[in-house]
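A.B. asks: Chains as they are written, first to last, in UniProt numbering: chain H, 1 to 199; chain S, 1 to 199.
Mixed in with the good hints there might be a few duds.
One copy or any two copies: either way a pair holds, since identical chains are not told apart in the list.
Said to hold, decoys possible - Within a straight-line C-alpha distance of at most 25 Å, the following computed DMTMM-like cross-link-like pairs (lysine to aspartate or glutamate) qualify:
(1) K2 - D37
(2) K111 - E58
(3) K83 - D125
(4) K21 - D110
(5) K2 - D125
(6) K21 - D89
Everything labelled a hint here was simulated from the structure, so no lab data went into it.
Here is what each chain is made of, one letter per residue.
Number of protein chains: 2
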Amino acid sequence: MKELEKRIQADGRVLGKDILKVDSFLNHQIDPQLMQDMGMEFARLFASQGVTKILTVEASGIAPAVMAGLALDVPVVFARKSKSRILTDDAFTADVYSYTKQTTNQIRVDKRFLIGDDRVLLIDDFLANGQALLALKTIAEQANAGIVGAGIVIEKSFQPGRQNVLDAGLTNIHSLARIAAFEDGQVIFMNEEDEEVDC
Amino acid sequence: MKELEKRIQADGRVLGKDILKVDSFLNHQIDPQLMQDMGMEFARLFASQGVTKILTVEASGIAPAVMAGLALDVPVVFARKSKSRILTDDAFTADVYSYTKQTTNQIRVDKRFLIGDDRVLLIDDFLANGQALLALKTIAEQANAGIVGAGIVIEKSFQPGRQNVLDAGLTNIHSLARIAAFEDGQVIFMNEEDEEVDC
Numbered sequence: 001m002k003e004l005e006k007r008i009q010a011d012g013r014v015l016g017k018d019i020l021k022v023d024s025f026l027n028h029q030i031d032p033q034l035m036q037d038m039g040m041e042f043a044r045l046f047a048s049q050g051v052t053k054i055l056t057v058e059a060s061g062i063a064p065a066v067m068a069g070l071a072l073d074v075p076v077v078f079a080r081k082s083k084s085r086i087l088t089d090d091a092f093t094a095d096v097y098s099y100t101k102q103t104t105n106q107i108r109v110d111k112r113f114l115i116g117d118d119r120v121l122l123i124d125d126f127l128a129n130g131q132a133l134l135a136l137k138t139i140a141e142q143a144n145a146g147i148v149g150a151g152i153v154i155e156k157s158f159q160p161g162r163q164n165v166l167d168a169g170l171t172n173i174h175s176l177a178r179i180a181a182f183e184d185g186q187v188i189f190m191n192e193e194d195e196e197v198d199c
Numbered sequence: 001m002k003e004l005e006k007r008i009q010a011d012g013r014v015l016g017k018d019i020l021k022v023d024s025f026l027n028h029q030i031d032p033q034l035m036q037d038m039g040m041e042f043a044r045l046f047a048s049q050g051v052t053k054i055l056t057v058e059a060s061g062i063a064p065a066v067m068a069g070l071a072l073d074v075p076v077v078f079a080r081k082s083k084s085r086i087l088t089d090d091a092f093t094a095d096v097y098s099y100t101k102q103t104t105n106q107i108r109v110d111k112r113f114l115i116g117d118d119r120v121l122l123i124d125d126f127l128a129n130g131q132a133l134l135a136l137k138t139i140a141e142q143a144n145a146g147i148v149g150a151g152i153v154i155e156k157s158f159q160p161g162r163q164n165v166l167d168a169g170l171t172n173i174h175s176l177a178r179i180a181a182f183e184d185g186q187v188i189f190m191n192e193e194d195e196e197v198d199c
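Bound conformation, chain H alone (with noise of 0.2 Å):
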């Protein structure tokens, strides 16, 4: 999605040789504008898939989840994060260990919300390693719900995210900003022609 690497290229801070600051529009301030962009182009991307709920993970995710929810007129389902480990009857719960932080959550979502009808899409703002995306599928099937694919606002391709999920069997997979290196301090989008390669 050009509009998302332009903003990237022009407000993104790389950090280090793997970190991309993108909390300026993303994940502390907020575009709103953009987030709307984004989620009408998720909902381009999934329009036949017959989308009936969309599941993310708090906070980062909840922008982008809304409104893609919005375009394809859907409920957003966010998944909540809990350092502790509560076992309760109530929710389907998944770990998701951090690299960044190395520390491991508990997400959970309340039963109530997710059913075994549901066709599901998963959005996320970045894939990286896959944990986030790996926990939310594994929600997702503790419903007996379907998985239609996954919606990643920023990939780190040079990361092992995305072989990490298609591993595990989830497929249809699109990116609306696919990184493949950092360079220098900037930051190297992948060639369009890459990007659909797996989906």
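Once you have looked at the hints, place chain S on chain H.
C.D. replies: Relative to the frame of chain H, chain S by itself:
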């Protein structure tokens, strides 16, 4: 806002004497169309205030805030919660005590995202005791920004939140639904004519 009141009547669940669960459309599962309608209502209420930025707090404030930001064409900043009190020169911080959870969280906003020229609209999902709103006010004040008022989705008017924030000097508080009481598990709203008395 009649649409919101009807939704609360239909899908809200009253638990005990003072808890209203709205997790089926606001703070766990989200109805994107309702969020957009609320965002447009916030935009109408604060249209003349010269808002330059919306400030909310993760996670439940994000959806209504982003929709208000879209309607007002301004950026949204969500304060991040942290259980640990991190000292830093880079962020404005304030403490929020939760009466429900009996815990104190620090909320923080990167100093790059609030400036003295900003005219800030505070948005949050609930006004009960006013602690979150007071913390957002503190953060805007640390930036020397102007505060144009506060937009609340659901106010529990039988709790002291509104008086607490008025006592602290925050004015122009608009709540889309004001709950007078819970009676026999039913939600009683304040009369329309009561709604704008101190705005």
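A.B. asks: Confirm or reject each hint.
C.D. replies: Verification of the hints:
no.: 1; hint: K2 - D37; in the structure: within (11 Å within a copy, 29 Å between copies)
no.: 2; hint: K111 - E58; in the structure: both (17 Å within a copy, 22 Å between copies)
no.: 3; hint: K83 - D125; in the structure: both (20 Å within a copy, 23 Å between copies)
no.: 4; hint: K21 - D110; in the structure: between (31 Å within a copy, 13 Å between copies)
no.: 5; hint: K2 - D125; in the structure: within (17 Å within a copy, 34 Å between copies)
no.: 6; hint: K21 - D89; in the structure: between (37 Å within a copy, 18 Å between copies)
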